[in-house]
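Student: Here is what each chain is made of, one letter per residue.
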Amino acid sequence: MPGTGDLNPAPVGYIKGLGEKIKYALFNGPSLAATTTIVGIRAGCIFGFYTDANYAGTLGFRSCPRGDLAYDYGYNGTFLTGMADDGLLVGFHDNPHLQYSGLIVSPSGDERDYVVPGADGTKILGLAPGGRIVGTFLEAGRWHGFVAGINGDHLVVVNAKIRGKIAHDTGIVAIQGACTLGYFDVNPDVGQAGFVHCEGKHDSPFTFNSNFAMNLRGLLEDGTIFGDFDGFGPTEGFLLPGFVKP
Amino acid sequence: MTNIRQQAIVSLTIVVLSAAAAGATPPARPAVLLQYGVGTQLYAITSQGLVGQATTKTGLKLRRMVLH
Chain A
3 MPGTGDLNPA PVGYIKGLGE KIKYALFNGP SLAATTTIVG IRAGCIFGFY
53 TDANYAGTLG FRSCPRGDLA YDYGYNGTFL TGMADDGLLV GFHDNPHLQY
103 SGLIVSPSGD ERDYVVPGAD GTKILGLAPG GRIVGTFLEA GRWHGFVAGI
153 NGDHLVVVNA KIRGKIAHDT GIVAIQGACT LGYFDVNPDV GQAGFVHCEG
203 KHDSPFTFNS NFAMNLRGLL EDGTIFGDFD GFGPTEGFLL PGFVKP
Chain B
91 MTNIRQQAIV SLTIVVLSAA AAGATPPARP AVLLQYGVGT QLYAITSQGL
141 VGQATTKTGL KLRRMVLH
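Chains as they are written, first to last, in the working numbering: chain A, 3 to 248; chain B, 91 to 158.
Treat the hints with care, as some may be off.
Claimed, not checked - For each label pair, taking beta carbons as the anchor points, the in silico distance ranges come out as: (1) P190(A) to Q138(B): 23 to 29 Å; (2) D155(A) to T136(B): 16 to 22 Å; (3) G166(A) to Q138(B): 25 to 31 Å; (4) K203(A) to Q138(B): 15 to 21 Å; (5) K167(A) to T136(B): 20 to 26 Å; (6) R68(A) to T136(B): 16 to 22 Å; (7) R144(A) to Q138(B): 20 to 26 Å; (8) G132(A) to T136(B): 41 to 47 Å; (9) T136(B) to S33(A): 23 to 29 Å; (10) R165(A) to T136(B): 33 to 39 Å; (11) T136(B) to N153(A): 35 to 41 Å; (12) T136(B) to L157(A): 37 to 43 Å.
Hint data in this document are derived by calculation from the structure and do not stem from the laboratory. Here the structure is a predicted model, which means the values were calculated and not measured. Ideal Cβ positions, reconstructed from N, Cα and C, are used throughout, including at glycine.
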């Protein structure tokens, strides 16, 4: 029950302020969610995604003082990955063919899909300064990173180039100043590493282990990179303070 | 959003590691690992702190890791 008892052994959202006790939370929509992931807090609202009580699918959510909303645009899943100060939401969802489409929800609640022209699938993985979106799209069996305007204009395709070789798959998650943060597949089947591209410099890859899956989430103004990784044990979060100089 | 628990069960582990980014000039760079339970995903650093997803807490493992 809310506020009492032990947590069930299922993933829940958390908020951990500096010097404060950790707060755990489940989205309480039509019914109490089975799992919850908090992706961010913006303009007084918590947003993310959750698994419904019957584990029947994943839905996005936005929880604000003025009320809660759930977003169900997908066949199996809807994931919110970014929110702007004006309330605009971005993310992605799947369809019955298990293809992904980027989604953009306007501050007034109007949803539209975004797919990179000609792509077999698109995921919007976040918002970047200047009202841009970042993410990854599937074309000819490979995922490519991209940066574009919120309307899909000024599309720039980004592929990690590691030691002179184009990576098999690439995704872009954040931009800070002259630096872009993303991930790439170390091999087509195993291992995902992070990379940073700063203008005028070679792409700089990093990972704890080439077999690990590094899930990059953000790049701060001071150059700190953060995210989590799946390695030999349970998933762990990480911070790399001052990793780059944006 | 309903807080279902607000209790000092934090098992915040900070491990300073020697780290180096391959393919770049490899100065020692510290990495801070976080684990609030078994399985911790870190999605954002917000005005209210770190946010993400964690599973029920249990013991912690301290491991020394190096960036490659």
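Student: Are the hints correct? Go through all of them and say.
Tutor: Tested hints:
1. P190(A) to Q138(B): 23 to 29 Å: Between P190(A) and Q138(B), where Cβ atoms are some 39 Å apart, the hint is violated.
2. D155(A) to T136(B): 16 to 22 Å: Violated, at about 29 Å.
3. G166(A) to Q138(B): 25 to 31 Å: For G166(A) and Q138(B) the Cβ distance comes to about 43 Å; the hint is violated.
4. K203(A) to Q138(B): 15 to 21 Å: About 34 Å separates the Cβ atoms of K203(A) and Q138(B), which means 15 to 21 Å is violated.
5. K167(A) to T136(B): 20 to 26 Å: 37 Å, violated
6. R68(A) to T136(B): 16 to 22 Å: The hint (16 to 22 Å, Cβ to Cβ) holds, given that R68(A) and T136(B) are roughly 19 Å apart.
7. R144(A) to Q138(B): 20 to 26 Å: 38 Å, violated
8. G132(A) to T136(B): 41 to 47 Å: Since the Cβ atoms of G132(A) and T136(B) sit about 21 Å apart, the hinted range of 41 to 47 Å is violated.
9. T136(B) to S33(A): 23 to 29 Å: 27 Å, holds
10. R165(A) to T136(B): 33 to 39 Å: Given range 33 to 39 Å: holds, Cβ gap about 35 Å.
11. T136(B) to N153(A): 35 to 41 Å: 27 Å, violated
12. T136(B) to L157(A): 37 to 43 Å: About 29 Å separates the Cβ atoms of T136(B) and L157(A), which means 37 to 43 Å is violated.
The earlier numbered hints that this structure contradicts are 1, 2, 3, 4, 5, 7, 8, 11 and 12.
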